[in-house]
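**Student:** The lines below spell out each chain.
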Amino acid sequence: MSLRLGRYGCLVVVALVFVIPVLWVVISSLEPPSEIFSYPPRLIPNHVTLQNYATALAQGNFGVYFLNTTVVSVSATAITVVISVTAGYGLAKFRFPGDTIIFLLIMGTLMVPLQVVLVPMFMTLKSFGLINNLLGIIVPPAATPTGVFLMRQYIRGLPNALLDAARVDGAGEINLLLRVVVPLSLPAIAALTIFSFVWRWNDFLWPFLVISDQDKWTLQLALANYVGQYSINWPSLLAMTTLSMLPMLVVFLAFQRYFVQGFIFSGIKG
Amino acid sequence: MDIGLEVRRATARATRAWRQTVTPYVLVAPTLLLLLVFVAWPLVQGIYYSFFQTGIIIDRNIPELTPHYVGAANYLQLVRDPQFIQSLARTTAFSVVTVPLTAAFSLSLALLMKQRFWGVGLMRAITYWPSMVSLIVVGIAWKWLLGYNSGLVNYVLNLLKLPPVPWLINGHLAQLAVMAVAVWAQAGFFMVILIAGLQTIPAELYEVAHIDGARAWSTFWHVTLPLLRPSLLIVVVLSSINAFKIYELVVALTGGGPGLDTVFLVQNIYQVAFRQPQAAGYAAAQSTVLLVVLLLLTAAQLRLGGEAAE
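Line order of the protein sequences matches chains A and B.
Following this note's numbering, the numbering of the first sequence begins with 1004 at its first residue and continues without gaps.
Following this note's numbering, the numbering of the second sequence begins with 31 at its first residue and continues without gaps.
Keep in mind that the hints were calculated from the coordinates and are not lab data.
There could be a bad hint or two in this list.
Simulated restraints, written as ranges between beta carbons of each label pair [stated by the list, open to error]: (1) A/N1178 to B/E94: 22 to 28 Å; (2) A/V1020 to B/Q145: 51 to 57 Å; (3) A/N1178 to B/A102: 55 to 61 Å; (4) A/V1085 to B/V186: 47 to 53 Å; (5) A/I1104 to B/V186: 43 to 49 Å.
Backbone N, C-alpha and C fix where the C-beta goes; we use that ideal spot for every residue, glycine too.
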């Protein structure tokens, strides 16, 4: 009995530790600027207002940042999914000269995150004219070893007999991919889409390295710039922070099971 | 015997065989091309320029923008550069502190939430949520909480009759704050890996331990921990890699301050490369050190991943 009570005590503490920091941002963002710094702080604000949101939307280019982030996340995710499915299929269901080396080469790039190649990446992107260009944060990071690995592992589990049957029926390779492989791999494709979208939405380092013009900023770049100022405009910043989390909340609520049931890990281990 | 039909059949077979040969290369080409151009090539270039004195902008038509070969000078400079040594030491200390804490904390969370009980889904979701938002957002939230005058944390301390703490104002406390927030931010993600690991442990083992009269602690020590080893190792390796890559959280939470007290390797590399003249080659040499560390850690990860897959 005491064990169970202890357990529930722990759960309550854990819930508070994880909920309050995020909730506190949201609560504060709903207070009028005059009350946001009031002491003692109130968990339930005296006045609830959207004033900070109106200010944030009016003064900055919040809409532009939101749009940039959406364009980058959606297009980059689309590219990642398409090329990971094709590469995963190629590596899972074909034996060809060089297949092992290509696979190891792809997985080996795990060892080289952007953090390690900041300087030469800047030089490379510069020579392609991709600096200060949204394409520079869409295309170069689109190929990911984890995406290829996830798709390869999943597609490997599809029965060969099914593919051979379709080939005997005269299906071309493209048809085979679109009509057989893709429909059967939808769970893995969904997981990759979601994880990729979340990653791109939240990414800071690529836009930080590539983008300088303010009208090309992504949300994370804008937030980092506003929190880095000497005198921080907290009311606006908290409103923007809350808005930037909303799409992630929608994704999370819709696809929770992919995240908290460890789907991606079962995919990786499978 | 229809010779035309035979020929057509043979041609069709040849076409199919040719397609079968070419198809896999076409399938992997986009990924391979992108990774070669935007990972392998920069990697080679980075190592190459670590032996040169050069700025971040290179133009061989302009003498001032042309790289000069300096041999190992950049690497020799590393040893004599207190700023680099300190950022490396800070990053190592950060890793040594956060990795065990992350493993212990996420394991506790996993043990607490592995069973089905009313509200377990919500609890897991709440714990995972910090992994759904960017580290910039995490940094902003905690900067708001840890404010000296109006932060919620100091208010709670005040309720407990404790003096306010200058969390982000004092260097040592700022380092502690970055560590604590980093653990908080990734614990939920690792919890999910560990729950997945815990669920692979056969329930019979627990029944046997129970029948043998083993206490909870000894069951944990002799059943759970050894069988969870592969998942725990993955958590340790991944969180070490994260620790050496730390930058984004610091951007929002402390900006590297106060002073340089929370400047870690990646930020130091960036500032050297982009803020100092003719120092991109030197920054590339610093990156090589980071590369070697990550190489060792990732090699460990791939080996463990291979073990886990078997």
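**Student:** With respect to the beta-carbon atoms only, verify the hint that A/N1178 and B/E94 lie 22 to 28 Å apart.
**Tutor:** This hint is violated: roughly 57 Å between Cβ atoms.
**Student:** Evaluate the given range 51 to 57 Å for the C-beta pair formed by A/V1020 and B/Q145.
**Tutor:** Between A/V1020 and B/Q145, where Cβ atoms are some 20 Å apart, the hint is violated.
**Student:** Taking 47 to 53 Å as the stated bounds, is the beta-carbon spacing between A/V1085 and B/V186 within them?
**Tutor:** 49 Å, holds
**Student:** Look at the Cβ atoms of A/I1104 and B/V186 and judge whether their distance stays inside 43 to 49 Å.
**Tutor:** 57 Å, violated
**Student:** Okay, A/N1178 versus B/A102 on CB: inside 55 to 61 Å?
**Tutor:** 56 Å, holds
Checked against the numbered hints given earlier, the structure breaks hints 1, 2, 5 and satisfies all the rest.
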